[in-house]
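Novice: I would like the entire structure built from these sequences, with the hints used as guidance.
Chains as they are written, first to last, in this note's numbering: chain A, 1 to 38; chain B, 1 to 534.
The hints are simulated quantities; they were obtained by calculation from the structure and are not laboratory data.
Hints should not be assumed to be uniformly reliable.
[Said to hold, decoys possible] Over the 10 Å line for every Cβ pair with chain A, so calculated as not near, a few chain B residues: (1) Val-84; (2) Gly-138; (3) Pro-149; (4) Leu-152; (5) Phe-163; (6) His-382; (7) Glu-421; (8) Ile-433; (9) Gln-460; (10) Ala-462; (11) Phe-482; (12) Pro-515; (13) Asn-522.
[To be verified] Some chain B residues near chain A, calculated using beta-carbon distances under 8 Å: (14) Ile-177; (15) Gly-219; (16) Met-223.
[As the list claims (entries may be wrong)] Partial chain B-side listing against chain A, Cβ under 7 Å, derived: (17) Ile-180; (18) Ile-211; (19) Pro-215.
A virtual CB, placed ideally from N, CA and C, is assigned to each residue, including glycine.
Listed here are the chains, written in short residue letters.
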Amino acid sequence: MSTRATRPGKSVRRSALILATVALTFYFGFILWGVLQA
Amino acid sequence: MSSAAADVQHTDDHHGPAKGWRRWLYATNHKDIGTMYLVFSLVMFLVGGLMALVIRSELMTPGLQFVHPEFFNQMTTMHALIMVFGAVMPAFVGLANWMIPMMIGAPDMALPRMNNWSFWILPVAFSLLLSTLLMQGGAPASGWTMYPPLVLQTGDAFPFLIFSVHLMGVSSIMGAINVIVTILNLRTPDMTLLKMPMFVWTWLITAYLLIAVMPVLAGAVTMLLTDQFFGTSFFLAAGGGDPVMFQHIFWFFGHPEVYIMILPAFGVVSEIIPTFARKPLFGHDSMVYAASSIAFLSFIVWAHHMFTVGMPLTGQLFFMFATMLIAVPTGVKVFNWTATMWRGAMTFETPMLFSLAFLFLFTIGGFSGLMLAVVPSDIQYHDSYFVVAHFHYVLVPGSIFAIMAAVYYWLPKWTGHMYNEALGKLHFWLSTIFVNVTFFPMHFLGLAGMPRRIPDYSTQFADFNVIASIGAIGFGLSQLLFVYVVVQCARRTGAEASSEVWDSPKGLEWTVPSPAPYHTFNEPPTVADGRAFS
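Specialist: See the structure below:
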């Protein structure tokens with residue numbers, strides 16, 4: 001049985017946290033890239 | 001029954017919606033939040049449309065007629081920001097909220113409280129942005145692209161612009177996280193990824209694009225903010241920065257943004273055409289691969305917006321060929337829709353009419369896009385009305401027609417009543433005629449050399465401009481009919497709709513009654529319930 005079917009709550013939190021981390025990494029990553037270009 | 005059923009089988013479905021304003025301010029129900037998104041985007045569509053009419057009224061005849069040139073620039077800037085971030089994107093998020101849970105057999109979105117926050121940030125963001133119209137110095141006037149150093153000349157409106165763009169980004173990112181998490185975690189157990197409807201697929205891909213590029217826009221405008229107020233020189237040549245770098249970062253966001261606004265439209269059309277052709281979607285899986293390919297290619301074509309700023313020949317060649325490559329998966333989609341209709345038992349209700357117009361007119365926008373991809377031609381067309389014609393063909397009879405098709409298609413499911421078909425068809429024909437009257441002459445204006453974003457022009461451009469302006473006024477007035485039809489349907493004046501609404505449509509959303517109950521799918525359905533095809 002997959003995680004999706006058995007424990008949706010845990011899987012939802014984990015997916016959401018991963019995606020939020022990716023978004024924040026892109027945000028700060030691009031600013032850091034801008035700093036390094038200057 | 002699996003434990004999945006037990007997990008989603010809550011016992012709190014005995015209550016209905018809260019009463020009064022609390023229902024909306026504290027909303028966590030995906031249908032309520034979807035409705036709020038759709039109403040918000042309709043209001044923004046009308047506000048942005050009024051700004052378009054100011055622009056077209058000024059351009060009706062040569063010379064300065066009604067507004068100061070500075071205000072004209074504010075109108076072009078605000079029209080674009082409002083239509084992109086306030087009308088088209090929230091409309092698709094509204095459709096996603098309403099339909100994705102119902103299409104995948106989920107009881108709600110995965111993160112309902114974040115969903116509430118995603119929506120309520122938007123009215124705040126646009127109140128901030130619109131408030132700049134009342135400020136000394138007026139609203140932002142540098143174009144929606146916000147290129148420095150011009151944008152740094154914005155007056156008091158500048159920090160409001162930056163903050164509102166940040167808020168729109170936060171809202172979009174949270175909405176996208178919610179869509180991905182919902183689709184990946186809350187599908188009914190036997191719905192494998194390739195059994196998902198195309199609208200769900202295109203939204204999944206769109207949500208990944210949003211998460212990848214909205215932070216890039218946020219990073220770019222943060223750097224603008226620090227350049228203006230904190231002494232940095234990211235984009236200021238005098239301090240060792242590079243203004244062209246902003247253009248690169250902006251379009252690294254901006255080009256995927258174009259696909260963010262069109263991929264869900266592809267999904268809508270892929271739902272509607274099979275229903276009214278009474279045939280399964282031709283090449284479902286190839287549609288998924290095509291949408292994924294378009295999304296991937298959208299990341300490697302950004303500099304085709306900047307051919308005239310100067311770049312190495314190899315760069316020009318790379319971005320030209322990569323851009324042309326997008327025509328391949330887009331062609332796969334267009335031919336798949338055509339093959340879906342081939343020998344189908346077709347009928348032409350309003351959603352189908354809008355979908356067919358989408359197919360023809362979006363393709364015109366696609367072809368002019370190919371012309372713009374060719375570097376030597378683009379250098380001639382750049383910043384001309386040809387570009388304005390191109391992207392309006394993609395966005396108006398493309399994205400907006402798909403949104404209207406979706407509203408007509410699912411409105412009976414939302415309200416439980418049919419809309420007025422005769423008025424819907426009248427709205428379609430008026431919109432389709434006037435959209436062409438408005439935007440087709442702009443191709444000729446651009447080829448003749450009329451630059452974009454100007455309040456006055458040389459007299460040789462007068463004839464096509466008056467035609468475009470008449471078309472714009474006609475298109476604007478036609479949309480009042482759309483508002484009337486939707487409001488009449490929402491007031492439940494039409495005939496009662498059955499649960500299937502149309503002639504044997506496929507998908508789980510048609511298995512629930514019309515109007516869709518406040519809580520749906522307390523027990524996970526099976527894919528076969530919706531007669532979905534894989």
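Novice: For B/Gly-138, is the shortest beta carbon distance to chain A beyond 10 Å?
Specialist: Given that every Cβ of chain A is farther than 10 Å from that of B/Gly-138, nearest at about 29 Å, it holds.
Novice: Does the interface hint hold: is B/Pro-215 within less than 7 Å of chain A, judged Cβ to Cβ?
Specialist: OK, holds: B/Pro-215 within 7 Å of chain A, min 4 Å.
Novice: Far enough from chain A: is every CB of that chain over 10 Å from the CB of B/Pro-515?
Specialist: With a cut-off of 10 Å, B/Pro-515 remains clear of chain A, as the shortest Cβ separation is near 27 Å.
Novice: Min Cβ distance, B/Gly-219 to chain A: is it shorter than 8 Å?
Specialist: 4 Å, holds
Novice: Does B/Ile-211 pass the interface check with chain A, least Cβ-Cβ distance below 7 Å?
Specialist: 5 Å, holds
Novice: Say whether it holds or is violated: B/Gln-460 keeps its Cβ farther than 10 Å from all Cβ of chain A.
Specialist: Fine: 44 Å to the nearest Cβ keeps B/Gln-460 off the interface.
Novice: The hint names B/Met-223 as touching chain A; please verify it with the least Cβ-Cβ distance against 8 Å.
Specialist: 5 Å, holds
Novice: Just to be careful: measuring from the Cβ of B/Ile-177 to every Cβ in chain A, is the smallest value less than 8 Å?
Specialist: At 5 Å from the nearest chain A Cβ, B/Ile-177 passes the 8 Å test, so the hint holds.
Novice: Verify this label for me: B/Ile-433 is non-interface relative to chain A, using a Cβ-Cβ cutoff of 10 Å.
Specialist: Nearest chain A Cβ is 43 Å from B/Ile-433, so the label holds.
Novice: Please verify that the nearest CB of chain A lies beyond 10 Å from B/Leu-152's CB.
Specialist: 16 Å, holds
Novice: Regarding the assertion that B/Phe-482 does not contact chain A, is the least Cβ-Cβ distance greater than 10 Å?
Specialist: 35 Å, holds
Novice: Please check whether the beta-carbon of B/Val-84 is more than 10 Å away from every beta-carbon in chain A.
Specialist: With a cut-off of 10 Å, B/Val-84 remains clear of chain A, as the shortest Cβ separation is near 19 Å.
Hint check: no violations occur; every hint is consistent with the structure.
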